Amino acid sequence: MFKRNLQNKLAAALAVVTLGFSLIAPVKADEAADKGYEIAARSDRSDLGFTSSEVTAVMTLTNSAGNTSTREMYFKTLEKENEEVGDKSLTVFETPRDVQGTALLSHAKILEADDQWLYLPALKRVKRISSTNKSGPFVGSEFAFEDFTSTELNKYDYKFIGEDEFDGMKVDVVERFPRYENSGYVRQIALVDQEVFQVRKIDFYDRKNSLLKTLTLKDYREYEGGVWRAHELEMVNHQTGKSTTLSYGDYSFKTGLQDNDFVKGVLKRIR
Amino acid sequence: MTNSVLSKTPIVAALLALSSPAATAGEWDVSGSVGTELRTFFEKGTQPGQLDTFQPSLLLEGDVRWQSDNRQWDVVLVPYARLDGKDGQRTHADMREAYVRWTGDEWTVRAGLAKIFWGVTESRHLVDIINQSDSVEDIDDEDKLGQPMVEVSTIRDWGQLTAYVMPRFRKRTFAGADGRLRAPFLVENDLTRFDEGRDDDEDVDFALRYSHYFGDWDVGLSFFRGADREPRLVFDGTRGLLAPYYDDITQVGVDLQYTKEAWLWKFEGIVRDTPFQTFAAAVGGVEYTFYGVTDAGADLGVLVEFQYDGRSSDPLLAPQTIADNDIFIGTRLALNDAEDTDFLGGIVVDVEDGSMSGLVESSRRFGANWVGEIEGRFFMNTDADNLLYGFRRDSHVMLRLTRYF
Numbered sequence: 001m002f003k004r005n006l007q008n009k010l011a012a013a014l015a016v017v018t019l020g021f022s023l024i025a026p027v028k029a030d031e032a033a034d035k036g037y038e039i040a041a042r043s044d045r046s047d048l049g050f051t052s053s054e055v056t057a058v059m060t061l062t063n064s065a066g067n068t069s070t071r072e073m074y075f076k077t078l079e080k081e082n083e084e085v086g087d088k089s090l091t092v093f094e095t096p097r098d099v100q101g102t103a104l105l106s107h108a109k110i111l112e113a114d115d116q117w118l119y120l121p122a123l124k125r126v127k128r129i130s131s132t133n134k135s136g137p138f139v140g141s142e143f144a145f146e147d148f149t150s151t152e153l154n155k156y157d158y159k160f161i162g163e164d165e166f167d168g169m170k171v172d173v174v175e176r177f178p179r180y181e182n183s184g185y186v187r188q189i190a191l192v193d194q195e196v197f198q199v200r201k202i203d204f205y206d207r208k209n210s211l212l213k214t215l216t217l218k219d220y221r222e223y224e225g226g227v228w229r230a231h232e233l234e235m236v237n238h239q240t241g242k243s244t245t246l247s248y249g250d251y252s253f254k255t256g257l258q259d260n261d262f263v264k265g266v267l268k269r270i271r
Numbered sequence: 001m002t003n004s005v006l007s008k009t010p011i012v013a014a015l016l017a018l019s020s021p022a023a024t025a026g027e028w029d030v031s032g033s034v035g036t037e038l039r040t041f042f043e044k045g046t047q048p049g050q051l052d053t054f055q056p057s058l059l060l061e062g063d064v065r066w067q068s069d070n071r072q073w074d075v076v077l078v079p080y081a082r083l084d085g086k087d088g089q090r091t092h093a094d095m096r097e098a099y100v101r102w103t104g105d106e107w108t109v110r111a112g113l114a115k116i117f118w119g120v121t122e123s124r125h126l127v128d129i130i131n132q133s134d135s136v137e138d139i140d141d142e143d144k145l146g147q148p149m150v151e152v153s154t155i156r157d158w159g160q161l162t163a164y165v166m167p168r169f170r171k172r173t174f175a176g177a178d179g180r181l182r183a184p185f186l187v188e189n190d191l192t193r194f195d196e197g198r199d200d201d202e203d204v205d206f207a208l209r210y211s212h213y214f215g216d217w218d219v220g221l222s223f224f225r226g227a228d229r230e231p232r233l234v235f236d237g238t239r240g241l242l243a244p245y246y247d248d249i250t251q252v253g254v255d256l257q258y259t260k261e262a263w264l265w266k267f268e269g270i271v272r273d274t275p276f277q278t279f280a281a282a283v284g285g286v287e288y289t290f291y292g293v294t295d296a297g298a299d300l301g302v303l304v305e306f307q308y309d310g311r312s313s314d315p316l317l318a319p320q321t322i323a324d325n326d327i328f329i330g331t332r333l334a335l336n337d338a339e340d341t342d343f344l345g346g347i348v349v350d351v352e353d354g355s356m357s358g359l360v361e362s363s364r365r366f367g368a369n370w371v372g373e374i375e376g377r378f379f380m381n382t383d384a385d386n387l388l389y390g391f392r393r394d395s396h397v398m399l400r401l402t403r404y405f
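Chains A and B are the protein sequences, given in the same order. Each residue of the first sequence is one higher than the one before, starting from 1 at the first, in our numbering. Each residue of the second sequence is one higher than the one before, starting from 1 at the first, in our numbering.
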């Protein structure tokens, strides 16, 4: 239902833009870009000052036949308040048992390639890896690497599309276009609610501009300092019929993490 | 002999830590795995008495961890055992890890048996010198015996600096009379000699390691002084056996990786000073990955590395190596599926005599707790003067099924 609504709206918006192009398009485009950026910025900045966070998560992969497999992991994140510098993050797997202790350390950049190291506990080996593989599947899931690492405000150009309703909320519809290289997406359409300014849903369009995936962010909870976190993320791949859900535990904020906890040397202490 | 190491300091230290009041709290994590393995050799061995065709094994590994509530103290125990159906020397147990660790803001101190890896290249681990190879496991130098040590490490803005003091030496493991993948003569560990012909290593080994990254460059520098982990194998004519001689050496090493887009440029180099010579060795090359070669997102990597080693080819002067002047070409296919399916294939060719060894590997997960692996090793065109000549009839395929708990 909603999808059809949105498509109609999109079609209408496109028609307006196309028809009015010769007269008012430059101004309109700028305004739409500015408003899109503002909405994204307001959303991004709503959790400014979270400093650091730690959380456990269970990822459930479902294939097209309905078979599931799960993996447990935890995330540690260090906020970089400067919007020209990306956050630092550490992802550690606890299950499946054969990959227990495998870890990914990422220093996100805005437009340059992220710095990433992989830790392989069986060999006690830390490997610097290429971060070119933005669109590749993250541990066999429907999440791509970039779905985790490319959440920074300035990684995208924006365009305001309009307003809509989603799940009983008034939402702004913002189109965003990756500015970084090697993205698997030509564009994304994000719904941001107008009350607490959180992203509720994202449609991902592949390089051929076909709808590839939809991410729905549910169970938002407010933590101290007005920081909101979704606790259930569901990614559905429309082209393969596979899906992945990510269920988070309770977040801990300001846990005393520092830059020193996000250097490659700490990987060897994990397992 | 090797087992004596199990009983000493680390266990005592672990028990002390566990019996302290802090141990009543904290977090425990117990896991492990049981594996069954079958090696199948295509040909009869070169030596009489060597096992034919099938070599089954049972593998057991435990993993016990405790961490204090404030996360400052860790205790880790990783016992390992292999029961081999054919080769008595391959049946062995080891403590891969058994240590107590204290972690502060800038400093980490660890005491006990530990496993350390240094380096960046794939076809040869040249700078990696802390742990002794558990050669009965495999001949690729990736299986290691736990090394007794005290390790002090600090992480600063300028990188990580680690010092190692190693009070006990571990002897390399070798296949027995029934075993395959061995020299024509048996290696007898009871005949082991250290520097100046002593039969016991009383020296304390020492190492220093610096590791950091600068933009796209990852840099490691290392220094080692102590007993070489590689033995010279000296023929004892009266017994018809090989005696391992571990010389005192000083070694400096450097490992570099430059990561740019889908390219990884890798280099490892060492200079080793032994009582008989000073030589350099290096391995370097490139790994390029084609990402998303299938719609499902598989990655295909291509690797090329060159190996050079300047050591003497006289076995009385230096431990012999296969990797003296060789080219490695390999490929890696990762399906990036839910089962982590991957394939690895590679071949190493000696530039001078054309001797070749090949490797194919594949593994995938079945369900949540099972992993299946298949591994083939092939020796081809082996020149009589190449070390591989001893393995010329040891080409084999190995199947392994492991259940994780």
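Everything labelled a hint here was simulated from the structure, so no lab data went into it. Keep in mind it's a predicted model, so treat the numbers as computed, not measured. Just so it is clear, CB atoms sit at the ideal spot from N, CA and C, and this is done for glycine as well. Please note that the accuracy of each hint is not assured.
[Unchecked claim] To give an idea of the interface, some chain A residues facing chain B are shown, with a C-beta separation under 7 Å as derived from the structure:
{"hint": "1", "residue": "SER64"}
{"hint": "2", "residue": "GLY66"}
{"hint": "3", "residue": "THR68"}
{"hint": "4", "residue": "GLY140"}
{"hint": "5", "residue": "GLY249"}
{"hint": "6", "residue": "SER252"}
{"hint": "7", "residue": "LYS254"}
{"hint": "8", "residue": "THR255"}
{"hint": "9", "residue": "GLY265"}
Closer than 7 Å between Cβ atoms is the bar; does THR68(A) clear it against chain B? Give me holds or violated. At 9 Å from the nearest chain B Cβ, THR68(A) fails the 7 Å test, so the hint is violated.
Hint SER64(A) vs chain B: min CB-CB distance below 7 Å? violated, 12 Å
Would the hint on GLY66(A) be counted as holding, given a Cβ-Cβ threshold of 7 Å to chain B? violated, 13 Å
Is the interface hint satisfied for GLY140(A)? The criterion is a beta-carbon contact with chain B at less than 7 Å. holds, 4 Å
Can we keep the SER252(A) interface hint, with Cβ of chain B closer than 7 Å? violated, 13 Å
At a threshold of 7 Å, is the proposed contact between THR255(A) and chain B supported by beta-carbon distances? Since the shortest Cβ distance to chain B is 10 Å, the answer is violated.
Interface hint outcome for GLY249(A) [beta carbon to chain B under 7 Å]: Given a least distance of 15 Å, the restraint on GLY249(A) is violated.
Holds or violated: the hint that GLY265(A) contacts chain B, with Cβ atoms closer than 7 Å. At 4 Å from the nearest chain B Cβ, GLY265(A) passes the 7 Å test, so the hint holds.
Is the shortest C-beta separation between LYS254(A) and chain B less than 7 Å? violated, 16 Å
In summary, the structure is inconsistent with hints 1, 2, 3, 5, 6, 7, 8 from the numbered list given earlier, while agreeing with the others.
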